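Student: Residues per chain, in single letters:
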Amino acid sequence: MTHATATANLMHPPAPAEPGSGVYSNKLGMWIFLASDVMFFTALIGSYIILRFGAPGEWARPNAVLNVPLTAFNTFLLICSSVSMVKAYAAIVDGKKYFLRAVPGKMLRDGGLKFWMLVTIICGAAFVGVQVIEYIKLVTEGFTPTGYREGSLLAEHALGDPVKFGATVGGLYGSSFFTMTGFHGFHVTCGVVSMLYLYFTKVLPEKYSPQDYRGIEVIGLYWHFVDLVWIILFTIVYLV
Amino acid sequence: MTSVAHAAPAHGGAQHAPMSFWRKYIFSTDHKIIGIQFLFVSLFFLLLGGLLAMQIRWQLGFPGQPLPGGGILPESMTSGGVILPEYYIQLVTMHGTFMVFFAIMPLLMGVYANFLIPLKIGTHDMAFPRLNMWSFWLAFTAGLIMLAGFFVPDGAARAGWTMYAPLSARPDLSGATYGQILWCISIVVLGLSSVLGSVNYITTVINHRAPGMTWFRMPLSVWALFITAILAVLALPVLQGAAIMLLFDQTIGTHFFDPIAGGQALLWQHLFWFFGHPEVYILILPAMGMVSDIIANGSRKPIFGYHSMVFAIVGIAFLGWIVWGHHMFMSGMNPTLGSTFMVSTLLISVPSAIKVFNWMGTMWRGNLRFTVPMLNAVGFVSMFTIGGLSGVFMAATPVDMHIHDTQFIVAHLHYVLFGGSLFALFAAIPYWYPKMFGRMMSEAIGKWHFWLTFVTYNLVFFPMHILGMNGEMRRLYDPTQYDFLRGLQPLRVFISIAAFALFASQLLFVFNFLWSLKRGKKAEQNPWQDNGLEWSLPSPAPHGNWDRPPNVYRGPYEFSAPEAGNADFLPQHVKLATDKEPAGSLPR
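Chains A and B supply the protein sequences, listed in that same order.
For what it's worth, my numbering labels the leading residue of the first sequence as 1, then goes sequentially.
For what it's worth, my numbering labels the leading residue of the second sequence as 1, then goes sequentially.
Since the hints were made in silico from the structure, they are not lab data.
Quantities reported herein were computed from a predicted structural model and do not represent experimental measurements.
Hints may be right or wrong, so weigh each one.
[Said to hold, decoys possible] With a Cα cut of at most 30 Å, we get these calculated DSS-like pairs of lysine-lysine: (1) A:Lys27 to B:Lys24; (2) B:Lys518 to B:Lys447; (3) A:Lys87 to A:Lys114; (4) B:Lys575 to B:Lys518; (5) A:Lys87 to A:Lys27; (6) B:Lys518 to A:Lys202.
Let's have the full structure, built from the sequences with the hints guiding it.
Tutor: Here it is in structure tokens:
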């Protein structure tokens, strides 16, 4: 299907009567890749659940170690980026390749593909930035992948209130927290880098059109998946 | 290549410009070249794995005696030519790792999924050719990383190919630091390679079939490779996740598998075997698929029960997800859970038996042609049957308690992996060799190789059942240290000598393979008189395959069909007067 002429609509490959799924290959391939990514996160999240339920002691209370309000803000950022991704998709479906354009009779200018993609990239990058700041703060306070660092502020707290800080299983807490959120952050970073690449090679040169916006749809699928994974992670790591 | 010069414009200009050596053979995006790259690399690893096995057999047959040529190995591996225990455990670990991950798996998936899928479904190339190139180079890198394990301080990984924690997680227990780390990194890279490759195979099969190639006109080899790719896409990431956690345990001090800090050693086993059992079917389903094609061809009869063959593949693949606990009956897992796993495991023998009976039904009263591929395919069926039957033994929990982790398991595993997958490959390699290289492999050497391999292979692995029943654990450095095993030493010597003969027989294959590249008989277009689409192309198949996709009018197993007239085969792309043009076909 990828070789069809310029006039054909590449978004909707023809004829279910002939062999083929009616979904273009890049999109189908992304769905299959996401299925495999689901299994990857299942391994990490499943292990976390098993380790937490089977742990020999109480897990740390939410809010005791992690800064939940900060991460809630970060979650909001990531959800915003999903919304802007949908707006970018809707813009190119309607053929709006521009950045911003004034609309008569309306106060706000109308955003096109270039605008909404930029918003998505900025929100995604900001999410990674906030996560890096969170990591630095946690490690300085003494929360590391091996548990509470001896002699640190958090280790002292844990001695004072072992139940609240889950002193006996701090090592498991650190292991699973940094591995899960770290690999999610890695996925977000990959998404941001891919979107930046598309932005400069395809979006700015206006290579996308209502007949062919496959790159936007495919990266959009990936982006929404990463967002969904975060909502699960935020719930089970930060809230419960 | 002249015919390809007139290719449809839709097909891109890649084949018009002469390509440099590097673009054509090294960083190639052509599915056939990538398949051949995989073939050479994984045959190298197969040979390497065999060499490691020979050292294991020397130690078991002649413990305490210096290994011939062992003097060239460094002091850390041998002492006065005698294999040290530290090196012996590296040998069994790396033999398993290389054979499973870098020989059999890439030989089946890397070579034949790449080479056969586009040719058999009638398309120009894979859906994502560049991703395909990445898949190969990632697998190659992973192999080099794994190989590097032998050259770092403390040597290669030492925890067995299953890498059970906490032995694998703690260098102070296993005695190996860098080797264990390299193992984990290599597996993560290899997993990425497999996922990228499999995404490609699945997409190609779904979206790029030629007009008229409906699902139930696909050859069973394509069906098997397709279902296997689905297994790989879902199973490998779990191993990657587990290997990453193990890597973090080894390097940055996390506690996933460290019981002292509250981690769970059993968690590793669950994760490993949740991947590991689908992996078992990744290693056998493509072999079953290719053997089905070869047996139908060699019997000159349609495959018996085509639909039941397809559903058996799907059934095995599905059941493969819910049986992993049968590797862990002795692990301290909840016994109630054990009986569930026992029942689901026994269920797998139903679709497996369907396949075996269908192969026999195909051969029954067929006009059998015992070519080298057919001989090896029949060898596959008989050996897989033995391996499958011994599998039923260990599926039953009470029996498994006796034979768990003994040489019986080693025997079973080699009956399905060597007797199964490798015999299928000895069938597939000469069968599709003409389409790869344009020449035939020698039939005479091939027959010598088959019979020598078949006999010596049984002499090696069948007596291992007896050792296992007598309680010899696997991975023992020197079984003669145990009173109750000392009397069995003559049997071990016998196995070792047979194993050396088995390895020597493989040199015939290596010679045949390399010699035929230059000196083999020139292959005609359709030397096996088969119906598959790949045989409608010249040998070797040109870059870009077809000018335009062929039309498909029937299934791949129309042997001895009355419509075929004098020939006893009716290719998929040949149009009879009664055939209608399939939907989506281009005007010609």
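Student: Need the status of pair Lys518 of chain B, Lys447 of chain B: alpha-carbon distance at most 30 Å?
Tutor: Holds, at about 20 Å.
Student: Could you grab the alpha-carbon distance between Lys518 of chain B and Lys202 of chain A and see if it respects the 30 Å cut-off?
Tutor: violated (47 Å)
Student: Would the pair Lys575 of chain B and Lys518 of chain B pass a check requiring their Cα atoms to be no farther apart than 30 Å?
Tutor: violated (36 Å)
Student: Holds or violated: are the alpha carbons of Lys87 of chain A and Lys27 of chain A at most 30 Å from each other?
Tutor: holds (19 Å)
Student: Would you check the hint for Lys27 of chain A and Lys24 of chain B, treating anything up to 30 Å between C-alpha atoms as holding?
Tutor: holds (28 Å)
Student: Sort out whether Lys114 of chain A lies within 30 Å of Lys87 of chain A, counting only the CA atoms.
Tutor: With a Cα-Cα distance of about 11 Å, the restraint between Lys87 of chain A and Lys114 of chain A holds, given a limit of 30 Å.
Hint compliance for this structure: hints 4, 6 are not met, and every other hint is.
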